[in-house]
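Chemist: Residue strings, one per chain:
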Amino acid sequence: MEVGVDVTLLQSLITELRRGTLTLAVLSQLRSPQYGYSLVQSLEKSGISIEQSTLYPLLRRLEKQELVTSSWDTTESRPRKYYVLSEYGRDIFEQLKAEWEKTSSELGSLLKGEE
Amino acid sequence: MNLIEVYIGEVTRRLPESNREDIALELRSTIEDMLPENPTEDDVKGVLNELGNPVQMANGFRDWPMYLIGPQYFEHYVKLLKTVMPIALTVTFILFMTANVIDYNGTETIGAVFFHLLGDAISGLWNTFIQTLFWITLVFAFLERTNLKVTDSCQTWSAEELTKVTPLPKKKKISKFELFSDLLFAAVWATLYYNAEHLLGIIRNGEIDVPFFNNEVLLSYWPLVSLALLTAVLLALYKILVGYWTKRLAIANAVHHVFATVVIVIMLLCDRLIHDDFTKLLSLSGTVQNVLLASIGLFFVISAGIDIIKGFWKAKL
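These protein sequences, in sequence, are chains A and B. Take numbering that gives the first Met the number 0: the last position of the first sequence gets the number 114, and nothing is skipped along the way. Take numbering that gives the first Met the number 0: the last position of the second sequence gets the number 316, and nothing is skipped along the way.
Don't read these hints as lab results, they were simulated from the structure.
These stretches of chain A come out as covered by chain B in the derived footprint (C-beta under 8 Å, 3 or more residues):
#	segment
1	23-37
2	52-63
3	75-83
Per label pair, the in silico range of CB-to-CB distance:
#	chain 1	residue 1	chain 2	residue 2	range
4	A	ILE13	B	ASP42	26 to 32 Å
5	A	GLN94	B	PRO70	23 to 29 Å
6	A	ARG17	B	GLU40	31 to 37 Å
7	B	GLN55	A	TRP99	25 to 31 Å
8	B	ASP42	A	GLN94	39 to 45 Å
9	B	LYS175	A	LYS111	56 to 62 Å
10	A	ARG60	B	SER157	27 to 33 Å
11	B	PRO70	A	ASP5	27 to 33 Å
12	A	SER11	B	ILE121	43 to 49 Å
13	B	ALA120	A	SER11	46 to 52 Å
Far from chain B by the CB rule (all over 10 Å, computed), these chain A residues:
#	residue
14	GLN10
15	GLU15
16	LEU16
17	PHE92
18	LYS96
19	ALA97
20	LEU109
Beta carbons are placed, not taken as given, at the ideal position from N, Cα and C, and that holds for glycine.
Given the sequences, and given the hints that come with them, work out the whole structure.
Modeler: This is the structure in structure tokens:
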């Protein structure tokens, strides 16, 4: 077996597995307003690391999909763009969360059966 | 601090102008958030490394597809190219040969004519190849960037559709030959129309002696004729995409034929269409000539009518 190939394959499978969960993770942190870097830090505190080159485009996409709204805060020393869930985003987040809990418990019992 | 501006520039120059400023502002504030107070150049580099390759960052921001033709259309794209390309090349070849035979005035040796022909043929075919490829690709790249759907079947497929696919009578299908003759006819009509001055008339010594039509009058109808030719080509493309006769195709076919026939009849009704020299040569009385023109018109109306009925009949099979 070629070790190198396995490592990259594993890496791409992990990326694929994580991709969908990142949206949920980001939405969960936006129940209260956050700016980009504070979001990175709060995600990292929970052990979720996200590439910055993924995060900012993701935020923008969520805004375009009207799940979050953004506003510039210029009262502090440097201007910061704050993101927060919209009414619609809150609704979608709750549904996604329920879906995730369902999936993870199903998968949990499925994986336990394997052992 | 200069490195930061260069980095931001590298990202934003790859983005559409409209959201450059906003993204630049956000990136700058993020970078400053990540830096400690009084940062050294190494700190800056560290932060920029964490942000990653500016190309990748820019790609993430772009909501325009990064491909020309996506999976939704690719199958149609290849199908259309595969069908149209051989037809377009054959039509070009036939037209080209005909034009050269007509032009041949007997002064060149056979060898010279052959090499002349070969060179022209290769460049003509190459030209057609590139043009066909270009226009079809352009149309699909455009479709990819709009929300139009050619077929909804991808989204809501059910096993029911299989029952629709299997019992397709052979007569309902659109043959390659039919497509070929459609496109060849369109090309022949176009060639004759736009080159009537050189092609339509009684030819003596390789030149038109008595032209059939008043060229100015004939060409004054160009918007109508061009539109009719366009509908002919669009109809042929539609036939390729659908593959068999449907009611919608029959309706499209009818629309095209009615329009093209109306254009022809309008042209025939113009009393200055026929060149005076030709009228003199035939020395027909006014009535006989009108009867002749009327019967030509009637011929077009009847053949269009037959084709329209055939379309609906095949759609019903």
